[in-house]
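There are 2 protein chains.
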Amino acid sequence: MTEKTMQEIISFCKRKGFVYPSSLIYGGMANSWDLGPMGTELVENIKRAWWDRFVRGRSDMVGVKTALIMNPSVWKASGHLDGFSDPLVECKKCHTRHRADHLVSESEWKELESKLEGVEDKEKFMRENLPACPGCGESDFTAPRDFNLMFKTYVGPVENEDSVAYLRPETAQGMFVNFQNVLTSSRKNIPFGIAQIGKAFRNEITPKNYIFRSREFEQMEIEYFIEKPKEDKDWQEHFDYWRKEMWEWIDFLGIKRENVEENDIPEIELAHYSKKTIDFEYRYPFGVKELYGLAYRTDFDLRNHEKESGENMKYRDPKTGEEYWPHVIEPTFGVERTLLAVIVEAYEKEELEEGDSRVVLRLPFALSPVKVAVMPLMKNKEELVGKAKEIQEKLLPSFTCDYDETGSIGKRYRRQDEVGTPLCVTVDFDTLEDDTVTIRERDSMKQVRVKVDELKEKVEEVIEKGSL
Amino acid sequence: MTEKTMQEIISFCKRKGFVYPSSLIYGGMANSWDLGPMGTELVENIKRAWWDRFVRGRSDMVGVKTALIMNPSVWKASGHLDGFSDPLVECKKCHTRHRADHLVSESEWKELESKLEGVEDKEKFMRENLPACPGCGESDFTAPRDFNLMFKTYVGPVENEDSVAYLRPETAQGMFVNFQNVLTSSRKNIPFGIAQIGKAFRNEITPKNYIFRSREFEQMEIEYFIEKPKEDKDWQEHFDYWRKEMWEWIDFLGIKRENVEENDIPEIELAHYSKKTIDFEYRYPFGVKELYGLAYRTDFDLRNHEKESGENMKYRDPKTGEEYWPHVIEPTFGVERTLLAVIVEAYEKEELEEGDSRVVLRLPFALSPVKVAVMPLMKNKEELVGKAKEIQEKLLPSFTCDYDETGSIGKRYRRQDEVGTPLCVTVDFDTLEDDTVTIRERDSMKQVRVKVDELKEKVEEVIEKGSL
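Chains A and B, in that order, give the protein sequences. For the first sequence, the residue numbers in the working numbering are 1 to 468. For the second sequence, the residue numbers in the working numbering are 1 to 468.
Next up, chain A with everything else stripped away, as it sits in the complex (with noise of 0.2 Å):
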């Protein structure tokens, strides 16, 4: 198999209607990303699919959907108001702006940050501790300062202080708040977690690599709810329980584990709530980098909420009475991250016999966002385009059901190939004798005849099979 590149995926996305640069009318905007046709069912599918396993397959598990603007003081209990931040250096040569973090590597940065406070002259020191610019090749920076990441804006007609919203830039603290509520409302007792899956925001200084860290993103998340640990045998019991549920969602999405590494973070790279954090990390064509992340967050929210808000933010044992904050196992699944896994993952330029090559997206079956290509053999047979449409409409109801008539059979079964669809239906001349048509996979592109009547039942029965 040759190698993927970055240059080949993203045309590839743009030319099937899976992603396309956002605004593009208008020349784009920075960095920000739409989901075509293609892309949208892809993700409605992945969505669909975590959902249906996390939360509605489980009986320990419910889920929120909550507000993108929330109340300020949730973004000072979360430490994102004071924490949240970059370390921005602009270069006084060329004006561009980089992470100081990502100039250095992220522990460098750590110990060079450590020791900046007691130094005097701080762009003397950037100079003599950053590397040369990426933007012209000089070492003169400005001393860091702290960006905030959260994008900010006004709620109501008055811009100011009292005004003043953030977009949030993680679901997790819609959980936290709502711990109460859902207590009350759902009568879980612990274990027990809440799940969300939802847009948040980053005002990233410098986002990139395509639509793997964009400023606007979604996310699948859960916030596992555990009893307050006695030793450290306690958390991590779930910590490896939910370890191994996040390698068998990969597996479902058709990623190789051996594509896949566990990125065990040091403590010194830790964020501010966490006490382990464990990145699943994805060889991109543009390095290894995180996928999922599985943290444990001990009990920092929920105390730091009852600080901040002065409610009850506590759990009562309903056998001990107990009462006490519990502790938290997050595994979190960005969107895009997976979308872009799962195409990169997928997708395949295959050599067939006689010189013959073809792209193939080898999706999951479950995922493929048409399941099903229905083609006349010829476009000027009314008779055929008359059954063919008729027959697209039989499967509409039960599956994703395209329907093309331009080009060779050969052709328009490629084009399936290229968006990974499973299956291709052909109607021809014996169709109108036998109420039969030819039914082809995309693995193994094996053709089988099947009646009209049985085309469903069969389709089914391929989707789930995954084969043939």
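Derived by calculation from the structure, the hints in this document are not laboratory data. Quick reminder that beta carbons are idealized off the backbone N, C-alpha and C, glycines included. Watch out, some of these pointers could steer you wrong.
[Unchecked claim] Output of the computed footprint for chain B on chain A, the stretches with three or more beta carbons under 8 Å from beta carbons of chain B:
1. 15-23
2. 46-59
3. 172-183
4. 377-383
5. 390-397
[To be verified] When the alpha-carbon atoms are kept at most 16 Å apart in a straight line, the in silico EDC-like pairs for lysine to aspartate or glutamate are as follows:
6. A:Lys389 - B:Glu322
7. A:Lys152 - B:Glu138
8. A:Lys152 - B:Glu161
9. B:Lys47 - A:Asp52
10. B:Lys394 - A:Glu390
11. B:Lys199 - A:Glu405
12. B:Lys394 - A:Asp60
13. B:Lys389 - A:Asp60
14. A:Lys394 - B:Asp60
15. B:Lys92 - B:Glu128
16. B:Lys228 - B:Glu322
17. A:Lys456 - A:Glu390
18. B:Lys188 - A:Glu405
19. A:Lys47 - B:Asp52
20. A:Lys289 - A:Asp279
21. A:Lys188 - B:Glu405
22. A:Lys199 - B:Glu218
Starting from the known structure of chain A, arrange chain B on it as the hints suggest.
For chain B alone, coordinates are given in the frame of chain A:
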């Protein structure tokens, strides 16, 4: 049936986990709302059904998911930067702010507004023509100023004119700016539609009526592109088709047609882009108000985007080669307004025999957040509890399935009736003997005995049929 009050609905929604006030532990956030576990599942069912019906189930529709923060030029072309504002007046006595067009009727305001430009002393004119301030009863207002309803933010580390951006006030423009992208990658021919479900934001001066008008909301929207009409009946046919489709969707939601009125918006009140709009208005407890809208947008948007961007936004007829801007029929469905109408419609206090009564949420079974609840007759009998949990685990992969062991069976039935659960399954001592359970239906309260082996199929059948 007794009248339903908003107070009753709001309290019900909070208690049962449909809707919580957002950021409640911090005193809330200006008419902002979170969905609890029940509301999240109900909305998820509504959105999936809408998507399956209008996108996946049709051969003439594709979906997109576009960015919430778009290039600001989009809002120039769409008219939102210049025209999307409300007339804001401030009471000079009590300093409350109001929408002038809400102090009088919309058409009265249009008339006042048309005269206003020529008036010398605008404050006097306001004093003479506006009713008393709802805040203090006086009538002394400032001259109205146009308050733009788009939330403003800044992208990147510098706050200036170049970095200003807006949260989208509607999803529609995401479909328009991607018109050519979608044409290229999906190869659809006119007529066809592009659909999207997603958040939009309006910085309302006075959000009100619970989740009916909040600053953050979600839309399910279709832009349906049709041939350039030669005469009015050409677009009217499509318009009528979609009117019918919307009525059928309303039926599907279980909303009685007698509770919905069509309101043909008078020309003077039409939005700047529309040549005809019909509102579907629901009989909410606070009055008959817009549920859905159906608008004929002409070619306003594509034409303006071509003008503003310089990019070709035309469609080329594959047969005639003619190039033109397609016209657009736009059916819009508010998610929160649907949720509220569905709950209000389904909520019922029912008098039973012998002076008993219950609250029952008569949701269509397909929409119910929980499809089935499993209950052991007694919670202190291990075999019953074990068996009930075993049955729950068996049903969970196929249905949202609750487990409830608290209180008498009658009380547990009532609890499920309240959230609209179609079926309750009771595990009793006979179950341990003959492996049968009692299933009880919400509406008829009828009970039948079913073999555990056949339970899954039975539940499927009842959900499908809508009754036991």
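These are the hints, each one checked on the structure:
{"no.": "1", "hint": "15-23", "result": "holds (count 6)"}
{"no.": "2", "hint": "46-59", "result": "holds (count 6)"}
{"no.": "3", "hint": "172-183", "result": "holds (count 6)"}
{"no.": "4", "hint": "377-383", "result": "violated (count 0)"}
{"no.": "5", "hint": "390-397", "result": "holds (count 4)"}
{"no.": "6", "hint": "A:Lys389 - B:Glu322", "result": "violated, 26 Å"}
{"no.": "7", "hint": "A:Lys152 - B:Glu138", "result": "violated, 36 Å"}
{"no.": "8", "hint": "A:Lys152 - B:Glu161", "result": "holds, 15 Å"}
{"no.": "9", "hint": "B:Lys47 - A:Asp52", "result": "holds, 15 Å"}
{"no.": "10", "hint": "B:Lys394 - A:Glu390", "result": "violated, 38 Å"}
{"no.": "11", "hint": "B:Lys199 - A:Glu405", "result": "violated, 36 Å"}
{"no.": "12", "hint": "B:Lys394 - A:Asp60", "result": "holds, 15 Å"}
{"no.": "13", "hint": "B:Lys389 - A:Asp60", "result": "holds, 12 Å"}
{"no.": "14", "hint": "A:Lys394 - B:Asp60", "result": "holds, 15 Å"}
{"no.": "15", "hint": "B:Lys92 - B:Glu128", "result": "holds, 14 Å"}
{"no.": "16", "hint": "B:Lys228 - B:Glu322", "result": "holds, 11 Å"}
{"no.": "17", "hint": "A:Lys456 - A:Glu390", "result": "holds, 13 Å"}
{"no.": "18", "hint": "B:Lys188 - A:Glu405", "result": "holds, 12 Å"}
{"no.": "19", "hint": "A:Lys47 - B:Asp52", "result": "holds, 15 Å"}
{"no.": "20", "hint": "A:Lys289 - A:Asp279", "result": "holds, 9 Å"}
{"no.": "21", "hint": "A:Lys188 - B:Glu405", "result": "holds, 12 Å"}
{"no.": "22", "hint": "A:Lys199 - B:Glu218", "result": "holds, 12 Å"}
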